[in-house]
Each structure stands twice: as C-alpha cells, then as structure tokens.
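Use the sequences and the hints to build the structure in full.
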Amino acid sequence: MSTPATPKTPALLLGLTALGTVGVVLTGFLKGSERFWANWILWFLFLFTLALGALFLVALEHLVAARWSVPLRRVPERIATLLIPVVPLALVALGAVPVLYPGARPEALQNPLLAGKALWLGLPFFSFRTIVSLALCLLALAVFVKGSLSQDETKDPAYNIRARRFAPAFMAIFAFVVTVLAFDWISGLTPEWYSDIFGVYLFAGGFLAGLAATTLVVVRLQGKGRLAGVRPDHRFNLGGFLFAFTVFWSYIGFAQYMLMWYANLPEEIHWYRERLEHGWHGVTVALAIVHFAIPFFALVTRDAKSDPRRLRGVAMLMLGAHALDLYWLIFPVLGQGVLFSWPELSFALAFLGLGLLWVRRSLSWGEDMPVGDAFLRQGLEFRL
Amino acid sequence: MKAETSALNVELPEVLREVPLTEGPVTPGSLDDQILGVTDRKPPRKWFLAIAFTSLLATLGFGFIGYTIYTGIGAWGNNSPVFWAFDIINFVFWVGIGHAGTLISAILFLFRMRWRNAIARFAEAMTIFAVMCAGLFPLIHVGRPWLAFWLFPYPNQRALWPNFRSPLLWDVFAVSTYFSVSAMFWYLGLLPDIASMRDRTENKWRKLAYTILALGWHGSGRHWQHYEKAYLLLAGLATGLVLSVHSVVSFDFATSVVPGWHMTIFPPYFVAGAIFAGFAMVVIVLVVVRESMNLTNLITQRHLEVMNKVILGMSCLMGYSYAMEGFTAWYSQNVYLHHTFLNIIGGTYGWAGWLTMACNIFVPQLLWFKKCRTSYFWMILVATSVTIGMWFERFVIIVISLHQDFLPSAWRLYKPTLVDFGILLGSFGLFFTLVLLFARVLPVIATTEVKGILPGAQPTHGGHHE
Amino acid sequence: MSDFAVLGLFDSADALMKAIPQVKAKKLGRLEAYTPYPIHGMDEALELRRSPLGGMVLAMGILGALTALGAQYWISAIDYPIVTGGKAPWSWEAFVPIMFEVMVAFATFTAGLGMLLLLNKLPFFGHPVLNAKAMRAITRDRFALALEADPELDAEAAKAALRAAGATDLEVLPFPEKGPFLTSDFILRSLGGIFVACAVAGIGMYWAIKLVPTLIPITHMLEQPKVNAYEGSTFFADGRAMLTPVPGTVARGYLPVAAATQEEAAGLANPLPRTPEVLALGKKAFTNRCAVCHGPLANGQGSLGAAYGAKPANLQAGQFQAGGDRPVPSGPLGPPQASGAASQAKPGPGSGFPPYPDGKIYWTIVHGKNAMPSQAADLTVDERWAVVHYVRALQRAQNAKDEDLP
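Chains as they are written, first to last, in my numbering: chain H, 1 to 384; chain X, 1001 to 1466; chain W, 2001 to 2406.
To be clear, the hints were calculated from the coordinates, so they are not data collected in a lab. These numbers come from a predicted model, not from an experiment. We put the beta carbon where it would ideally sit given N, CA and C, even for glycine.
Sample of chain X residues with no beta-carbon within 12 Å of chain W, all distances over it, derived:
no.	residue
1	Thr1039
2	Pro1044
3	Ala1050
4	Phe1083
5	Ile1107
6	Leu1295
7	Thr1374
Quick list of simulated restraints, FRET-style, between CB atoms:
no.	chain 1	residue 1	chain 2	residue 2	range
8	W	Pro2176	X	Gly1063	49 to 55 Å
9	X	Asn1079	H	Glu267	26 to 32 Å
10	W	Met2242	X	Arg1144	28 to 34 Å
11	X	Trp1047	W	Ala2025	52 to 58 Å
12	W	Lys2210	X	Pro1145	17 to 23 Å
Listed next, the in silico DMTMM-like pairs over lysine to aspartate or glutamate satisfying Cα-Cα at most 20 Å (straight line):
no.	chain 1	residue 1	chain 2	residue 2
13	W	Lys2027	W	Glu2171
14	W	Lys2018	W	Glu2044
15	H	Lys117	X	Glu1325
16	W	Lys2133	W	Glu2156
17	W	Lys2121	X	Glu1228
18	W	Lys2133	X	Asp1033
19	X	Lys1042	X	Glu1202
20	W	Lys2087	H	Glu267
21	W	Lys2369	W	Asp2358
22	W	Lys2024	W	Asp2150
23	H	Lys117	H	Glu267
24	W	Lys2121	W	Glu2032
25	W	Lys2024	W	Asp2169
26	X	Lys1204	X	Asp1040
27	W	Lys2024	W	Glu2044
28	H	Lys155	X	Glu1018
29	H	Lys155	X	Glu1014
30	W	Lys2027	W	Glu2152
31	W	Lys2018	W	Glu2032
32	W	Lys2133	X	Glu1202
33	W	Lys2026	W	Glu2156
This is how it looks when you write it as structure tokens:
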C-alpha cells in the first residue's frame, strides 16, 4: 500500500485557522487575561487529552497483544503525534497559572485550606510536574510511534517486543500524566475542592476523544479508498469501544456527582452548585445529553456500531462533547455565567484548525497500515 | 488458519509466538469423554476427604449463625463505634470474588477472547456460589432475619415502604439482580452441555433429570441463532452488572461522611479490587481442578499465565487507588481524613494497613517474572496473598475508619469474637463445598463452547478469530 | 402420512456447510441443521430471519428503567413522602442505582426467558429428533442436515439428495404418534391436581403463618425482662417491682413547708417580689388551677361550684383580706354588721376580721383545706407564691379605693 501524495491543504482550513488565530490574539488584548487563559487551557487540554487517549489506544494494543487492531494502529499513532505541538502550547499555558490558579497566588498562604499545600500548588512545582509529564509523553511517543514508523522499512519484530515491554511502563506514565492534568490543570482551578476519581474521569473523557478521533480518521480514510482491507468487523470493534466507554464516562461522571450530592458537604458541593446556577444548569443537562444519551442510543444496536455514516456522526459529536466537558469543567471558575462569544469561537477555530492541519500532515508519515508488523495479516483476517 | 499461525510462529521470536489453546489432540468426542465422563465415574478418595472437611467447616459456620440468630448480634464483636465489622467485611469480600466469574464469562466473551471458553463455566459457577455466600451476611446481620422480606417494596398493612434513598436498599436490589442474572447466564450456558449429558447417559434416573433440565434442547440451527443472540445480550448486560453491583456496594461507604469512606474513587476502586480478588480465587481453584481432574490439556499454561497477568494488572490499579487515597489524604488538608490515614499506616490497626499493602501490591509484583506466572508454587502463593490482602483491605476500610472518626469520646477498639471467626470460616466451607459438588455433578468446562473453538471446528472461509 | 424429516449426518462443519447449498437447490423441503455447537455462517446458509431478541431486550430494558423510576417516584414522593437524610422525597439521583439494576433485570429475563419460551419454544420434549438414533452423535461430534416436511416430504428423494451431498449416515424420522391432547381424563386430572396443590399450599401457608411466630427465636422479643403492671416479680421480697418510698421521702424540686399547721404557716413570708412577671405567672397558675372552683375573681363563683357539692371559699370576703390600710368590704362580704344606723359607715382599719396572712394562703394551697385538695403536686413553689400575689391583687381590685386610680 503506497501512500498517496498529500493533496494541497485546502485554503478554507488554512483561512479559518488564521482567522481563529487573529481572534485568539485579539481576545488577549480585548477580553482580559482570565478569559484568554481559560480558553487557552480548555483547548490545550483538549488536544493533550485527545492525543494521550490515542496513544493509550496504541499502548493498550501492545499490552494485551491484540491483533484485530493492528491494521488500524497507524491512525492513533499519527493522532498521538499531536503531543508534539502540545508541548509549546503547554509551556505557554503555564502563563495561566498565576492568573487563574488561586493556589499559586500569594494570597494562598493566608488561606488555611491552601497554606499547607501552597508549595505543591505554586508555579515552580506545578511547572515541574507538567514538564515531567510532557517529557514522559514524548518518550512514549518515541518508543511507540517512531519505532512503529521505522518498522515499516525494517520489518523487524524487535519493535513489537520493545513495545510490549514498554506498554506496562506507559500505563504507569499515563496514570501519572492524566492525574497531573486532572488535579493540577482542572481541579487546581478550585484548589480547596478535591475528588480522587478526577483522574479516572479525565482518562474516560480523553480516551473517548482519542477513540472518536481514531474512528473519524479511519472512516474518512476508508471513504477515500485508503485502508483497504479494514472491514465492518474492525469498525464494529471501534464502535463497541466507543459505546462501552461512553457508558464508562457516564458512570464515572454520575458516581462523582451522586456521591457529592448525597453527602452534601459544603466543601464539596459548591463545585456542583456553580455548575447548576447562573445559566450553567442548561449546559450540565446538555452535557449529559450530548456525552451520554445521544451516543448511547445512537450506538446501541449491532448494525450502528459498524455503520460508517453513523460512526462518523457519533465520533464528531463525541469530540464536541469532550470540548463541552472541558468547557463545563473550566469556565464556571470565571464566575461570569455561560460565556460564549467570538473569543470562544476564535479559539475553537484556531486550535481545531491547528489540530486538523497537523493530523492531515501526519497522514503522510509512514504507510497507512503498519506494513512492517508481523501480525498485520492476522489483523486483516479478523472476523467477529 | 492453523498452518498460517504456525508458519508465522516459526518466523517470530519466541516471546511473540502464540501459545495454543489446547494441548495435544482434542476432538469434540474426546472432550465429551473427558469432561462429561467425570459425572459418570465415582469420585476419587481425595474428593471425599475434601468435601468432608469443607462440609465440616460449613456446618460449624451454620452452627454459629444459628447461635447468632438465637442470641442476637451481641454474640459478635460489633459495638459502638464499630457497628459494621466482620459481617460487612465478609459480605463485600464474597461479592467481590463473584465478579471475576462474570468478567471472565461475560466481558471476555464480548472481547472475543477465545481462551476464556475453557474456564468460563467454572468461573461462572464460582460467581454464583460466591454471591450465595455473600447474600448470607446481610441476611443474618439484620438481627431479625425472619423479617428480612420487609426490605422488599410490597404493599403491606403497616403502610410502610422501604427507603429508596438508602444505599443499603440499593444493595438489596443490586445483589439479588446479580444473583438472578448470573444464575440465568450460567444455566443457559449449561443447557447444551446438559443436552449432551442427556444423550450419552445410560442411567435411567440421570436421563430423566437431564431431560427435564435440558428443556428439550436439540441443537437446531434456528435455536442456536436465538441462543447466540441471547448469550451475547446477556454477556453485555452482565458486563454492566459487574461495574454496577460492586459500585453500589461501594456506595454503602462512599455516600456517608465518615472520613476515609467518602472518597469519590470508591466505585471504580472497589470494582478493580473485586476483579483482583476474584481472579486470585479463580486461579487457586483452577490449579486444584486442573491437577486433580487431569485437565492440563484444556486448562493450559496459557490460561494460567493470562490470569496471572490480569492479577498483576489489577494489582497495579489497586496501587494507583491506594496512591490516590494517600495523596488525597494530604491534598484535602482535612484533619479528619489525615487522622484516618495515619491510623492506616500507624495506630492500633496499622499492622492491617501494612499487611494489606504488602499482600495486594508488593507480593503480586512477583508476577512480573514469567517463572512466577507459570509455577504452581508462586502463583498459589501470590493468589493466597491477594485473597488475604483483599479481606484485610475491607477490614482496613471498615474498622479503621469507624473506630476513630469525628468524636474522640466515641473512639473505641474493636475485637472480633469467636463467633465472627467461625462464621467467616464457615462461609469458606460453604463456598468450597458447593464448588466440590459442582465439580462432580455438572461439567466443569463448557464443552460446547470449547468444541466451537477447536481447530477445524468452524468452516473455513479465510477468517481469523482472536 | 409422510415422515417428519430425513437426517443426513456429516463428519465436519465444513462438510455440512458445503452440503447445504447443494441440498437447498433441490427444494425438497424445509432445511434445518442440528449441530453440537453454533456454526458460523449457518444463519445465512439457512436463510434465517434476524432474531428479534435485540429489539425485545432494548424495549423491555427501557420499560424496566421507567417502571423502577416510576415506582420509586410514586412510593417516595406521592404515597408516603418523607424527608430522610435531608433529601427531598423526589431525589432522582438516589433512584438511579435501583433503576439501573431493575433495567438490567428486566432486560436479562427478557433475553433468557424470551429466547427459551417465545423464540425457541422450549421446554418442549416432543420434538422427533430427540428420539432419533443420531441424537447422541449430534450433541457429541456430528453435524446433521435435515430435510423436514413442508408439509409433505418425499423421503426417498430426500435420502438421495443428502447422500449426493456427502452425508455419511441417513435416518428417517417419523412423526410422533399423537393422541388427542385434551381428553376429559387429562383435563379432570389436571384440574384435580391444581386443586389439590392449591389446597395443600393454602393449608400449609396458613399453618406456617400461625406457627412460625410462636417459635424461638421469634418469641424472644415477646419475652422481655421488664415487669408489667399487676405482674408479680421476684425482685423484692414482697413481690413488688418497686418499693414504696419511706415516710419523709421528698420528691425532687419539692421543698417541704416548715409548718405543720396553718397557724404555724402564718409567719411565712412571700419570697417573690411583686413584679408584672410574677403576677403574670400567678394569673396563669390561678386561671389553670384555682379559677374553676374559686371563680376568676376569686369570689367563690367558679363553674364547678354547683356541681362540686362543697362551697369554695370566697376569697374576696373580709376574713381573707390582708388587713393594713385595705378597706374591708361591706355587705355580705364584710364583717358581721352591728344592727342600727352605724352599719352604713365604713369601718376603719383594724375593725372586723383580723388580717389573713399570706403564709396561711400558701399553706392552704400546699395542704388543701376541708374539701379543697392539695395543689402541691401541680404547682411549683414559685407558682404557689405567685398565686398568692395574684389573689392579693384580685382582692385589691375588687375593693379599690379612690387613691388606687392612676
């Protein structure tokens, strides 16, 4: 399978991305630093969790020695390379810490709840954790993706052995990184609040986003005649995963909410009250519908799970739902009600555009399937 | 397909080669003779010895239960402030053990993991027996067990309803649903095997029994179509149960405000712990069954190795959960949570905290080594350690959090009584008695399912199944 | 009468699947396969319609969820709404776990029982293949293809077709002998059996419901170690559960009056000041306990007076006045008049009755007098003295002087 030449990047995509970028800059000047940073964090986390979710999918395949997903593996590998542009985005995002993160401000030392962990929440240690996470992600990318791309030429099974050995270590890295993202970047916005399931919650959302992105790219490539050999059986498994993890995300989200609702402790419940008042109630309900109800019923039947059109629609919806989830997690902190205007749209255009441009570029890296992998044939012969 | 695999295997380095699912020549006929024939033969002496011992334990346990019902819950060590103790620990322990069976038979079925076929039947049976043992405890701890039916919402002359806002009632629904769903799943899976036994037995009484139990099953293509669909749907539904039942059990604790209990991570943490403990029990029982019933050609080293890898994976998940609990104890800056955490690593019951961590996190790390994953001694050592560790984990959660919570004037130590221990041992006796009976009366391996994955079982159309 | 079916046995799934299109082409009857395990591709080969089980399970699952939610709502928010644990009667968050479990239960039973009873029509022990010689092989390791009567079957043609397609063994299955199903014998026996079963069950349950509450340990709660009224006890020698208090036992909060007779009580002084609060207390106590006999104006005109028989004292009478510069009422309330013109003049202080001290009123409240019972049990010490203040105020109000006006 030779890779077709990358068509010229469509002008529309470039144009919208440029427009978005202009809007991003203007937001910084016109709308104040809080709004700017809230948007920046939302979108940098969106790309980070999506890329991490895709890398998790790759690592999972190596961990359990799955065969059915081998023909598809190049897609999440390419999506995972989004971690590379995420690095500068994350480093810029550190600028948000003194603005939006109360734990990093000097006032934290006066707050009895924050004083004890001010060192942890302060900018130096915070940055250190984020930089370590980024470094570990790049390491994982090198082992899994670079190795896979070079296997296209060498056809050396040593890559499989190396990846299989590294997979458990990656799981530990992943657990660390996802927990850091959740606790530092998201729940750090309200540092007196804590929920120890939060890392699992972000994992569920991020993995789902990675799966959705993978599914979307797979369906799109198939529509273009690439990825020949990938059958409805493979798509069914992707659809099955999307369905199962939609349920899983909903279960985690509901469990966290119900437990805090039940105990009704003041130190916990304010986080949910913020998301049920001042117009946020509608967003919460919308999140439940868009992230659970619609995908659940859209994918519940057997046929729906392998239907390309259905999968494309649900995958796009899920990516939107993940963005909405992050918006719902981050924006209430600004205390200005449900903010949605040209700044938010600009950031969406800019970052989604960046992501799309990058993924488009990555579609020309290596072959569409890991042709050097010894298990490719078994993967193509997979039947339910 | 087999030729391709073996050609591939020759090219690949050894560590990547696929290990076959069965060893030696296995045909559907030989499978029937080996597995179904067990029920025709007289049990060996060691079976009698084993069941005598386990029945003795079970009888002892029931004696203590009878004593408790006669005298009252005062016969146990429960007292203020440790109102929940051995009884609830045992309940959570046994419900947890049941989850491995459902995971193996349902979730692995959904993932099309063919290796599960040889062990699914046994695992499901263990689920049912574990849930039976578990259900015993809420029944006897209510003080007046003969009124336990009050828990169900039926219109009554007292004009009262149970409190639907209580997690204890959610438990009643969850565990009874889990039991009935598992029983149905197990029975439906057994149906074709019972039909095989019906058709091969010479004994008149057995034939009558199997005829009735087989419901007239005759393997028609139309019937198989609906059967497979039902099995797939049941597997999907049972998967939802695995997640939900132990989450509902965790809600018993997490909905409260007791420090150390109100942690949002409890639902997935409990589910992971349940799978962890359950797989350990399955490994122990499977090793015994494999050896004593000569099933090494069907329950192969691959099966045991994969189960041990799952145990290792779960151990790492438990490690993450413990780390999150420890981190949160500090991060929350909550003096009560902090105090409870210090009690887990120090204090009167600190030994239990360390025992839990050692048994659940440190010892299972041995399974990184292939030698330990494939050696009976090491895997039984690890599995036993996990069983003990998971029992103590529930002890740590319940007793340590309760014995010193908010009000220092209510702090008191907990001491279990002989009756507590007796009932715990009795539950093990009951469980193993049921397992031993099952092994003699019903096929321990789902012969129909294994027949379906033997090489040459399915018509060739160039397909590969995972 | 044709046969029910002709079976052809094959040695492998491959052979069976290859045979199906060949036999199907001959259109000799309805095709059915009997196999020891499900064969991939069999559904398409036999041209079976999709199983409706998925839709049934989804529908019943949703029904289960709605039923559970509805039942919990009706029970908790409508039939007997209570607030427990600070949670409103309609707490949907708390109803979700049970809703989920019931949904799974409904769906599962639909899947299992729907598949067995509705779709496969099992249990059914009358299928002809169950008696076939080949049955043993079918559930063991052989694969059978059957041409079934639809509604008639040419057995010879069927046998030839199956042999041509590669069958190793052939068997002809006759229709089972069917006598009439509903004979009067059968109906009578069934009804009789049902009747007997109901009777036995009913008697058994009745007996059980009567018997079980009399068993240990259920009776343990009836036997309580407390002593009921009129029940003898071995606690004390005299069979009582409580001893009578020794003479001189004083109840808590009761201070005995240091006066044995009313005369001795004359010296007691009212410890309470004469404040509006004390007078309010006195008024309340008087209204509750005294006015019913002595009347609201303390003049003996109480509502109970007539019914009581005895005559309550008229506290406005001269003999009960405090004395000092208080006027003494004239007329029937006043002291006995001397006959003559001097009766119109108001007697000066000191004439008529001697002053009636507060202590004697107090003593009367505590011990009672003549037909009046003791009020000690019902009035605290403070209340008694407050009543005394109030009585004095009533007396003053009924015999006011001009100077009393503000």
